[in-house]
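Colleague: The hints should help you fit chain Y onto chain Z, whose structure is shown.
Chains Z and Y supply the protein sequences, listed in that same order. Letter 27 of the first sequence, counting from 1, is numbered 27 in the working numbering, and no numbers are missing. Letter 72 of the second sequence, counting from 1, is numbered 72 in the working numbering, and no numbers are missing.
Simulated from the structure, these hints should not be mistaken for laboratory data. Predicted model only: the values in this text are computed from it and were never measured. Glycine included, every Cβ here is placed at the ideal spot set by N, Cα and C. None of the hints are false.
Away from chain Y, derived, C-beta distances all over 12 Å, residues of chain Z: (1) 20; (2) 119; (3) 134; (4) 154; (5) 271; (6) 284.
Here are some, though not all, of the chain Z residues that point toward chain Y, as calculated from beta-carbon distances under 10 Å: (7) 190; (8) 338; (9) 368.
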Amino acid sequence: MNENLFWSDPASGAHLSYAELAIDVGCVARVPGEFRASGSYELFVMLLAAIKAETHVALATGEVGVADASELSEANRSIGTSKAADLDGGAPPVNFLSSGSIDVLIDELSDEQCVRANKCRIGVFTSGTSGRPKLIWHSLKSLTRAIQVSPKHADDVWGLAYGPTHFAGLQVFFQAIANRNPIVGLFGLGPAAMHEAIDEESITHLSATPTFYRLLCTGGNVHSSVKAITLGGEQMEESLRTRIEVMFPNARVRNIYASTEAGTVLVADGESFVVPGKYRDLVRILESELQLHRSLLADSIKHDHAGEYFKTGDLVDVLSEEPLRFRFVSRRTDWINVGGYKVNPHQVESRIAEFEEVAEARVYGRKNSVVGNIVCCDIQLCEGEQLHESAIKQRLAENLARHEVPQIINFVESISLTATGKKQRSK
Amino acid sequence: MVLMCLRKFLAILRRLDRFGMTLMDLIGEQVVSCGKRLDPKMSFDSRLREDLGFDSLELAVLTVKIEAEFGVDVFADGVVNTVGEIEEKIQRHLDSISE
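Okay, chain Z solo, but in the shape it has when bound:
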């Protein structure tokens, strides 16, 4: 039985081995259709149980969910169970795991045939472009596409800086477990505790958003153990790269392009991305917009997406055609990226427009040195009406994710328009 460390939680002091993980997975009596985890380890246990049972589970935290009956039924249909209306995961109690089967399960994660044959579906909530987060169902194939298993990764130690249900966090999980590496839970820790954890656990690999690194890279700490830094979810300014290089002098710094819809697609060294040969026919640039072939999409998106290519909304600057090399210029110009979460201002405006007191509203992003951008709005009230800022935020919070609720609200006489009569989307 594998006594190597699997999970270390500096907040609670918990240290759990792969052997203990096997026992905990074996104790899972039933996989629910939606699982709301209180912590990362609990979520990983359920995830492995779902993979082993080849069933489906939607992963949720306190801020997102709940999958409705139609979404869970869709998952049932794609797996091919007979319980189309069953809201409860699907699998009857499964007895596992024998002492060796956790190793078998882990080995199967890097076996292309086993991965393709596995019928499990994992639901991940996106930050959503609608008022309610959208559930995206992924196969094991799309979740494990980017993992690399190799003896050179045998001694990696991963710092988990994402929330437990964040797609990028799942990428860290699969990469670590496929190589039987330890994972250290950094999400939710303050900077001082993170610095301590990085050194005490000798973390070698960190994957996080630029917002995380902005908060971490202050003060004079230097972490020599870290060999690899990956960033994704937002654009990174050059000054941040410099700070990262000072704090992590032995680390290779890479940008990741990934989305909840498509998973991890591209990795860059420096600012530019090169499309690897195997993806060359699956990635195209049209009118400066990056587009991905539908075969790269999560299963649930594929079914909804009629065209051959998925428009990401990310605008790029092509640096060379063969190999295809580009750098990102901006996200879809009117979307707002708040610490890696995309906010559709039109949707937020629609919500505000539902208030009787409001005549017109304009939602826009404002650059911010902590999270990249924050959501702001200008509100023109109907004549004679009054509405307090706190009331607006409270009402919006009933239907929007926290990062979507405008943090800065201005009451104006009239809404700013561009020369062509459109609302200004940036400030």
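Modeller: Chain Y alone, transformed into the frame defined by chain Z:
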């Protein structure tokens, strides 16, 4: 000469006192607007995340409010950790514009 130095010193004290109090008020308001309990012992040594409980989004809003009040983005060249560090950055900014 002595009188001039004294006047300058008093002006600096008044400015410090005024902006120090405004900064504490501003941070206190942000603490309350985030639904947290305001610690009466909040001081310049208070750590923004560990003691006052700000997360990244709440810190982001705080930077905007500080910039609106004092004209400086205190997080522009790196995140600060304590109230006192914010005060120092504001002070440096005020010094630079008065020179």
